[in-house]
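**Student:** Sequence:
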Amino acid sequence: MSLDLIELVLEVEQEFGIGITQRDMESINTVGHLIDHVYAQVRIVQAAVCPTSHVFYRLRRALRAQLPLSRHTIRPSRMLAELVPESQRRRVWQHLQREELRLPDLQLSSPLSYLAKGLLLAAGKFLAVVMITVLFAPFLVPWWWQNGFAFWIVILVALAFWLGMRPLAVQVPARVGTIREAVLYLAPRAAVAGLTRESIAAKVSQLVSENLGVPREKVTEESWFVDDLGAG
Numbered sequence: 294m295s296l297d298l299i300e301l302v303l304e305v306e307q308e309f310g311i312g313i314t315q316r317d318m319e320s321i322n323t324v325g326h327l328i329d330h331v332y333a334q335v336r337i338v339q340a341a342v343c344p345t346s347h348v349f350y351r352l353r354r355a356l357r358a359q360l361p362l363s364r365h366t367i368r369p370s371r372m373l374a375e376l377v378p379e380s381q382r383r384r385v386w387q388h389l390q391r392e393e394l395r396l397p398d399l400q401l402s403s404p405l406s407y408l409a410k411g412l413l414l415a416a417g418k419f420l421a422v423v424m425i426t427v428l429f430a431p432f433l434v435p436w437w438w439q440n441g442f443a444f445w446i447v448i449l450v451a452l453a454f455w456l457g458m459r460p461l462a463v464q465v466p467a468r469v470g471t472i473r474e475a476v477l478y479l480a481p482r483a484a485v486a487g488l489t490r491e492s493i494a495a496k497v498s499q500l501v502s503e504n505l506g507v508p509r510e511k512v513t514e515e516s517w518f519v520d521d522l523g524a525g
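Each number in this note's numbering corresponds to the 1-based position in the sequence shown with 293 added.
Hints should not be assumed to be uniformly reliable.
[Stated by the list, open to error] With beta-carbon atoms standing in for the labels, derived distance ranges:
1) V422 x M372: 40 to 46 Å
2) D317 x A480: 25 to 31 Å
3) E375 x I337: 37 to 43 Å
4) K511 x G417: 51 to 57 Å
5) V422 x E510: 19 to 25 Å
6) T489 x L414: 30 to 36 Å
7) P466 x T345: 32 to 38 Å
8) T314 x R391: 30 to 36 Å
9) S346 x Q390: 35 to 41 Å
Don't read these hints as lab results, they were simulated from the structure.
In this text the structure is predicted, and so the values were computed from the model without any measurement.
All C-beta atoms, glycine included, are put in the ideal place defined by N, C-alpha and C.
Using the sequences plus the hints, can you model the full thing?
**Tutor:** Structural data, given as structure tokens:
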């Protein structure tokens with residue numbers, strides 16, 4: 294077996310929490326064969342898979358797909374904030390979501406968080422005062438406040454402010470500060486059970502493309518690893 298195929302097999306094993314032997318690989322010649330084998334193995338062992346190990350490998354692979362990190366760099370004790378640069382954090386978080394690894398949303402730094410909460414609280418109090426005044430002393434309020442026009446203006450300004458602050462949220466939540474904490478958070482939410490052949494096929498094809506350096510559109514179930522994908 295070539296080094297490329299060995300690397301691919303290791304990635305597939307870690308992704309799905311299964312084992313693929315040399316003897317198994319003797320009958321796996323195409324991408325479709327590999328998908329069928331993975332599907333069969335997942336159905337057999339999914340009840341026995343250790344969820345934390347499975348999630349750790351998935352998280353490690355997802356991070357390495359976005360950042361120049363080695364396997365040995367991503368250890369349970371490492372801080373996510375150290376591994377994921379602040380400038381790339383939102384992009385990496387979005388990738389994790391696409392990979393069904395949904396960590397808590399990134400947060401604003403403490404000063405920005407206090408500022409945002411203070412402004413929203415002030416806007417809420419202002420609207421409350423206006424509404425009370427409209428109800429009990431409408432003669433003190435201009436007509437354009439009474440018909441609700443200004444109310445919606447304040448709501449729209451608050452919404453625009455909130456949307457404008459979102460790109461500034463780049464702080465890793467404390468409860469998932471380390472890789473270990475992230476894995477423990479994700480494990481109950483990322484069970485292997487329920488994988489369909491279609492979802493397995495999509496993931497295996499992605500792994501084949503990434504490990505063999507072949508464009509994703511050229512990877513089909515009929516593709517032979519040696520003859521078509523150059524994994525000789």
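**Student:** Looking at the structure, which of the earlier hints fail to hold?
**Tutor:** The structure breaks hints 5, 6, 7 and 9; every other hint is satisfied.
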